[in-house]
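So the protein sequences, as listed, match chains B and S. Letter by letter, the first sequence follows residues 1 to 142 in our numbering. Letter by letter, the second sequence follows residues 1001 to 1236 in our numbering.
Simulated from the structure, these hints should not be mistaken for lab results. Note that the Cβ used here is the ideal one computed from N, Cα and C, for glycine as well. Mixed in with the good hints, there may be bad ones.
Said to hold, decoys possible - A partial selection of chain S residues facing chain B, derived with a Cβ cut-off under 10 angstroms: (1) Tyr1044; (2) Ile1045; (3) Lys1083; (4) Val1120; (5) Thr1126; (6) Trp1142; (7) Leu1179; (8) Thr1188; (9) Thr1192; (10) His1194; (11) Leu1201.
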Amino acid sequence: MFSKKVRSRIFFLVTLFVISIAIIFVIFRSLEENVVYFFSPTEIYNKTDVSYDQKIRIGGLVKENSVIKESSSINFIITDLKKEIIVSYKGLVPNLFSEGKGVVAEGKLRDKKYFVADKILAKHDENYMPPEVSKALENSNN
Amino acid sequence: MLKSLFPNKILSLTNAKINVLVAFLIAVLIIGLLYSLIISPADYIQGDSVRIMYVHVPASFIALVCFGLIGVASICNLVFKIKFMPLLAKSLAPIGCTFTLISIVTGSLWGKPTWGTWWVWDARLTSMLVLLIFYITYILTWKVIDNFEKANKISSIIGILGSFNLPVIKYSVDWWNTLHQPSSITLTSMPTIHHTMLIPLVIMFLGMIMYSVIIFLIRYKTEVIKLKINKKKNFK
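Hey, can you work out the whole structure from these sequences and the hints?
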């Protein structure tokens, strides 16, 4: 179908493809820990090599009715609906931080159930809607 | 339709034809911007910063599609030696590069009020930065290397290598935990964007794609003319 020249070029390209995919696969396998931006509470729970001196990020939902605000600090629970971690943080949280919404906390683990954060990021989900629709949805759920 | 991209056909694209396209583009953009900036509602949590999405999402889409096309053109170029493939790819690169930059900047502007940070090194943002670097190296190859055949080969290899990054960008939000949210519009399920916001997004998509096509046609025509002039020079 193709001339010999074209066939040899296709062969070269396919080899390049296979090798690149193999390399990328190896890179991502070795980077796995770093590619993951944050750990969920369940992943922390299952982790055997938890480090307590290294900065890590954990993420999940802010548990409903778990936020306790004091003058300069805030305590709340991050949950992935299976496991939970208590987070304590000094400073201002982003505007979008609220109960039931996604959050990522950066800081250090004290133990597997307690986390001291020095940075809080709000995580937005893929849902976009006007306020009226959100209210209507809430009413129909209740 | 693809036949009209043959070097001799593109020369029949006169300025008058381009002006008609530009008139259409302006109309679509005005409607799109009015709809997205004024008529469409604010988001229930993000408020008005949701309006950044109407530029951010189409820009990111075009950035990815442009590089995908560059990748395909690069393969056709290396394997089948089709003469006008490098011209196609070369004309696409600055468009994709600009939209990558727009995507990163608008994303950053959105990230500050929403996440509380301009930039994070999560998989989606980092892979998008890698795409920008690929675009820049691709464009630089053509600029720096004077020999056409040499530049053609090296840039094609960059185009193919960079294409591997595209699925990583697309699926980064599904494969790993990222701060960036997953896609709202997918082929398999209903969009999770309310229709009052989906309509302006679709119009903006249309407008920005039209813009890219027009710029591409103009650039491509210029490249073809340049090649023809060079050929004539070489004959003399």
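Going down the list of hints, with the structure as the test:
no. : hint    : in the structure
1   : Tyr1044 : holds, 4 angstroms
2   : Ile1045 : holds, 6 angstroms
3   : Lys1083 : violated, 15 angstroms
4   : Val1120 : holds, 7 angstroms
5   : Thr1126 : holds, 9 angstroms
6   : Trp1142 : violated, 21 angstroms
7   : Leu1179 : holds, 6 angstroms
8   : Thr1188 : violated, 13 angstroms
9   : Thr1192 : holds, 5 angstroms
10  : His1194 : holds, 4 angstroms
11  : Leu1201 : holds, 9 angstroms
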